[in-house]
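S.K.: Sequence:
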Amino acid sequence: MAPKRRPPPASARTLPSAVAVISEIVPEEARACWEIRNFSLVEKAKGRPHYSGPLVEAAGARFGIRAVWGGKEDGQDIPRCGLYCVREGETDTSLEPVKALVAITLVGSRTNITRQSRSAGEFKAAGHHKRGWSNIIELESLLDPAGGFLVDDTVVVELHINAWRTSQESARRLPSAPSAGRRCGGGSFDEASAKELCDDWAEIFIGEGTDVEVHGSLAPEDPPVRAHRLVLAARSPVFRCMLLSSSMLESQIHSKLNLEGADANIAHRFVRFLYINKLDPDTLHSEDALCHLLQLAHRYQVRTLLRQCIANITVTAETAVERLVMAEQLDIPELKAQVMTFLCGCRARLADIQRTDAFARMSRSLRDNVTLIIWDYLENRGLRILRLSFGTLRV
Numbered sequence: 001m002a003p004k005r006r007p008p009p010a011s012a013r014t015l016p017s018a019v020a021v022i023s024e025i026v027p028e029e030a031r032a033c034w035e036i037r038n039f040s041l042v043e044k045a046k047g048r049p050h051y052s053g054p055l056v057e058a059a060g061a062r063f064g065i066r067a068v069w070g071g072k073e074d075g076q077d078i079p080r081c082g083l084y085c086v087r088e089g090e091t092d093t094s095l096e097p098v099k100a101l102v103a104i105t106l107v108g109s110r111t112n113i114t115r116q117s118r119s120a121g122e123f124k125a126a127g128h129h130k131r132g133w134s135n136i137i138e139l140e141s142l143l144d145p146a147g148g149f150l151v152d153d154t155v156v157v158e159l160h161i162n163a164w165r166t167s168q169e170s171a172r173r174l175p176s177a178p179s180a181g182r183r184c185g186g187g188s189f190d191e192a193s194a195k196e197l198c199d200d201w202a203e204i205f206i207g208e209g210t211d212v213e214v215h216g217s218l219a220p221e222d223p224p225v226r227a228h229r230l231v232l233a234a235r236s237p238v239f240r241c242m243l244l245s246s247s248m249l250e251s252q253i254h255s256k257l258n259l260e261g262a263d264a265n266i267a268h269r270f271v272r273f274l275y276i277n278k279l280d281p282d283t284l285h286s287e288d289a290l291c292h293l294l295q296l297a298h299r300y301q302v303r304t305l306l307r308q309c310i311a312n313i314t315v316t317a318e319t320a321v322e323r324l325v326m327a328e329q330l331d332i333p334e335l336k337a338q339v340m341t342f343l344c345g346c347r348a349r350l351a352d353i354q355r356t357d358a359f360a361r362m363s364r365s366l367r368d369n370v371t372l373i374i375w376d377y378l379e380n381r382g383l384r385i386l387r388l389s390f391g392t393l394r395v
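Note that the UniProt record's numbering has the sequence shown beginning at 1, numbered continuously upward.
One should not assume that every hint holds.
[To be verified] No farther apart than 25 Å at their CA atoms in a straight line, the calculated lysine to any residue pairs in the SDA-like style are these:
| # | residue 1 | residue 2 |
| --- | --- | --- |
| 1 | 278 | 226 |
| 2 | 336 | 48 |
| 3 | 72 | 26 |
| 4 | 278 | 208 |
| 5 | 130 | 89 |
| 6 | 278 | 202 |
| 7 | 195 | 148 |
| 8 | 336 | 26 |
| 9 | 278 | 238 |
| 10 | 256 | 219 |
| 11 | 72 | 153 |
| 12 | 336 | 367 |
| 13 | 278 | 334 |
| 14 | 130 | 165 |
| 15 | 99 | 33 |
| 16 | 195 | 311 |
| 17 | 44 | 138 |
| 18 | 72 | 18 |
| 19 | 124 | 53 |
| 20 | 195 | 303 |
| 21 | 72 | 148 |
| 22 | 195 | 276 |
| 23 | 99 | 44 |
| 24 | 130 | 152 |
| 25 | 72 | 38 |
| 26 | 256 | 299 |
| 27 | 124 | 33 |
| 28 | 46 | 195 |
| 29 | 336 | 31 |
| 30 | 278 | 228 |
| 31 | 130 | 42 |
| 32 | 44 | 79 |
| 33 | 195 | 18 |
| 34 | 72 | 39 |
| 35 | 130 | 49 |
| 36 | 336 | 284 |
| 37 | 278 | 249 |
In case anyone wonders, no lab produced these hints; they're calculated from the structure.
Using the sequences and the hints given, assemble the complete structure.
M.R.: See the structure below:
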């Protein structure tokens, strides 16, 4: 029989007018592993469910795995293992449903078996809906050591979720939308206008009429950054108090400001941002600069700079511990959530965090503090399997 011809690719769509609004639903992704130790002792009778408890959280709902190792009651004579994703916790059927694409993987030492849903399943209250597969693998094959799925009497299953609520639809207005920008002199305040304003403030930054000097404490002998006190006061409530209050020494004409913990380069980037509200590409690609600016933004309460630094700081296995300590010391929940999302996205990554060089360089008291922060975070969110995984390495 002749092979079927593939349909030609769809031609590019020609829009009759400019796109004004983009609406989309952005799913929240989460994944974690369930490790079942002493598997030989687990009940494997037909129809007997085995629950993991909450493994991941996405779109405001918690999900876990329901396993039926001996197959369904009405299944075939040969026991076949079934794995299902279930919503955990809430029993109120009036809750807003959560939709999710589900992938469940039976992890082996040689190969993996993955089943992935082709369409979104709806999860209402806990126990009312599940999504999964009744024939992942025959029980005999699972128990055979040669198959590589039972290692040291342990079985590992991964749950991967992309979930969303229908109310999470976001709308993004583009410049062509009628109300996309602020009105200014009868026209819209578009990107071109914003760039012109940014350029104008950049000219003021390097211009004349300055009445305050900004120094970095790490390099007090370097040339200062000259600035206008009204600009600094407008961008920072801390500077406003320092520069415009008659009781403060800094309120005097041609006074000096000392930025603690900053060198001349960081001081220049910080003051420049206060004028143009934008970070240059070199700063965006420098983790060290972003971290220093984050601390200054927090100290002087510059909210826009704080948001931009958090959005551009990269969390890796080597930097996660340092970023977590910074978030905790400065009390920045957004950065802490970013770090914990990275750590909890992979069970092995969470377990290995105490083996990183960054963790080893810390003092004993600081290592204990980091361990406690992670432990409490996992416990408060009911992520028991991740908490136990991390707890086995607790200092």
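S.K.: A separate judgement is required for each hint: does it hold in the structure or not?
M.R.: Now the hints, each set against the structure:
1. 278 <-> 226: Holds. Residue 278 to residue 226 sits at ~18 Å (cutoff 25 Å).
2. 336 <-> 48: violated (40 Å)
3. 72 <-> 26: violated (35 Å)
4. 278 <-> 208: holds (21 Å)
5. 130 <-> 89: holds (13 Å)
6. 278 <-> 202: Within the cut-off at roughly 10 Å; holds.
7. 195 <-> 148: Violated - the C-alpha atoms of residue 148 and residue 195 are around 59 Å apart, more than 25 Å.
8. 336 <-> 26: Distance ~22 Å between residue 336 and residue 26 Cα, so the pair holds.
9. 278 <-> 238: Roughly 20 Å separates the two Cα atoms, so the pair holds.
10. 256 <-> 219: Satisfied, since the Cα-Cα distance of roughly 14 Å is no more than 25 Å.
11. 72 <-> 153: Holds - the C-alpha atoms of residue 153 and residue 72 are around 23 Å apart, at most 25 Å.
12. 336 <-> 367: holds (16 Å)
13. 278 <-> 334: holds (20 Å)
14. 130 <-> 165: Cα-Cα ~17 Å, so holds.
15. 99 <-> 33: Within the cut-off at roughly 21 Å; holds.
16. 195 <-> 311: holds (21 Å)
17. 44 <-> 138: Holds. Residue 44 to residue 138 sits at ~12 Å (cutoff 25 Å).
18. 72 <-> 18: violated (55 Å)
19. 124 <-> 53: Given pair residue 124, residue 53 holds - Cα atoms ~17 Å apart, limit 25 Å.
20. 195 <-> 303: holds (20 Å)
21. 72 <-> 148: holds (24 Å)
22. 195 <-> 276: Holds, at about 9 Å.
23. 99 <-> 44: violated (30 Å)
24. 130 <-> 152: Violated - the C-alpha atoms of residue 152 and residue 130 are around 30 Å apart, more than 25 Å.
25. 72 <-> 38: Within the cut-off at roughly 22 Å; holds.
26. 256 <-> 299: Holds, because 17 Å separates the two Cα atoms, which is no more than 25 Å.
27. 124 <-> 33: holds (23 Å)
28. 46 <-> 195: The hint is violated at about 67 Å.
29. 336 <-> 31: Given that 25 Å is the threshold and the Cα spacing comes to 19 Å, the pair holds.
30. 278 <-> 228: holds (18 Å)
31. 130 <-> 42: Holds, at roughly 22 Å.
32. 44 <-> 79: Roughly 9 Å between the alpha carbons, so the hint for residue 44 and residue 79 holds.
33. 195 <-> 18: It holds: about 22 Å lies between the C-alpha atoms, which stays within 25 Å.
34. 72 <-> 39: holds (19 Å)
35. 130 <-> 49: holds (13 Å)
36. 336 <-> 284: holds (20 Å)
37. 278 <-> 249: Violated - the C-alpha atoms of residue 249 and residue 278 are around 30 Å apart, more than 25 Å.
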